[in-house]
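If you read the sequences in order, they're chains A and B.
Residue 143 in this note's numbering sits at position 143 of the first sequence; the count goes up by one each step and never skips.
Residue 82 in this note's numbering sits at position 82 of the second sequence; the count goes up by one each step and never skips.
Keep in mind that the hints were calculated from the coordinates and are not lab data.
Heads up, a few of these hints could be off.
For chains that are exact copies, the list does not tell them apart, and a pair is met inside one copy or across any two.
Unchecked claim - Derived BS3-like pairs: lysine-lysine, alpha-carbon spacing no greater than 27 angstroms straight-line:
| no. | residue 1 | residue 2 |
| --- | --- | --- |
| 1 | 108 | 72 |
| 2 | 63 | 7 |
| 3 | 66 | 108 |
| 4 | 41 | 145 |
| 5 | 68 | 119 |
Listed below, chain by chain, are the residues.
There are 2 protein chains.
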Amino acid sequence: MENIIIKPIGIVNSPYKGAKDIPIQGIFKSKTEANVELFDKYKKGLTDLDGFSHAILIYYFNKSDKEKIIGKPFLENKEHGVFAIRSPNRPNNLGISIVKISRVVNNKLYFTQVDIFDKTPLIDIKPYVKYFDSRDNVKSGWIDKHFINGVPKQTILK
Amino acid sequence: MENIIIKPIGIVNSPYKGAKDIPIQGIFKSKTEANVELFDKYKKGLTDLDGFSHAILIYYFNKSDKEKIIGKPFLENKEHGVFAIRSPNRPNNLGISIVKISRVVNNKLYFTQVDIFDKTPLIDIKPYVKYFDSRDNVKSGWIDKHFINGVPKQTILK
Chain A
1 MENIIIKPIG
11 IVNSPYKGAK
21 DIPIQGIFKS
31 KTEANVELFD
41 KYKKGLTDLD
51 GFSHAILIYY
61 FNKSDKEKII
71 GKPFLENKEH
81 GVFAIRSPNR
91 PNNLGISIVK
101 ISRVVNNKLY
111 FTQVDIFDKT
121 PLIDIKPYVK
131 YFDSRDNVKS
141 GWIDKHFING
151 VPKQTILK
Chain B
1 MENIIIKPIG
11 IVNSPYKGAK
21 DIPIQGIFKS
31 KTEANVELFD
41 KYKKGLTDLD
51 GFSHAILIYY
61 FNKSDKEKII
71 GKPFLENKEH
81 GVFAIRSPNR
91 PNNLGISIVK
101 ISRVVNNKLY
111 FTQVDIFDKT
121 PLIDIKPYVK
131 YFDSRDNVKS
141 GWIDKHFING
151 VPKQTILK
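So here's chain A without its partners, still in its complex pose (with noise of 0.2 angstroms):
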């Protein structure tokens, strides 16, 4: 099967440079706020993004360029597929993001929740919706022990 060229939309601007201080994900570290940037040619694809709470972002892990089958999640030390964690070091590495949308000011969609390091590359937003996106019964496999009542456990809110 054909390899596929994907040109970045846009950047990261986030207050996290590196790992020390970046949360597992950004929901549990909600007032930090980051934006996107995008190249002028896509800045009118944010009309009407405003209207959404909250934003789907793709974005390519540029500080893992590497491709682990089976890794460690920050959770546990235990081992599980890749496709059953969400580390970055996994084929293609592409990262996925929920974020609540603060505001659109030209070119740039300032958000919080925030777990993207600063200056990552954008790939693509998708708006977030309920219908969609939103399940419930969910169960989440080997994660689940580290929440009681989705609040998480112990460390990972550090």
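Got chain A; can you put chain B on it based on the hints?
Positioned in the frame of chain A, the structure of chain B alone reads:
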């Protein structure tokens, strides 16, 4: 910013061969089953995914090579910015679907809630994690007016 090379990790086997029968989102036609068939080298990456009820599939809209910055969604005739719709005619032509996992057998992940065409190249699989991916108090912009109490109006369910 540099281009990124993506290698498909497998292929989608789906009963939907053309635009006629496919639902706008798989959750609205829940019983149809499809599978993704991973290339052998990625098979072990599925380990432990069967503990999750849902997965996020990222794939390449290989029938769409158009890139429209303003586009018309399936649901209405009004145009919106491409980042406020889920159209396949978008920069980088990547699609994302939340699907319900039926079972994992060897190099195949069987699932329902299908809205993907047959022979679509697969780019990534991520576990759907309720703590990361579900949100309350979601506003879905121009899409909300097409639903009443979570149920789509009129012909969306065709």
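A quick look at each hint next to the structure:
1. For a Cα distance limit of 27 angstroms, the shortest separation of residue 108 from residue 72 across copies, 22 angstroms, qualifies, whereas the shortest one inside one copy, 34 angstroms, does not.
2. Proximity of residue 63 to residue 7 under the C-alpha cut-off of 27 angstroms is found in both arrangements, the shortest distances being 17 angstroms within a copy and 18 angstroms between copies.
3. Taking the shortest alpha-carbon separations for residue 66 and residue 108, only the inter-copy value of 24 angstroms comes in at or below 27 angstroms, while the best intra-copy value is 30 angstroms.
4. Taking identical chains as interchangeable, the C-alpha atoms of residue 41 and residue 145 are never at most 27 angstroms apart, the minima being 45 angstroms within one chain and 30 angstroms between chains.
5. In this assembly of identical chains, the alpha carbons of residue 68 and residue 119 lie at most 27 angstroms apart whether taken from the same copy (23 angstroms) or from different copies (25 angstroms).
In the structure shown, a violation is registered for the earlier hint numbered 4 alone.
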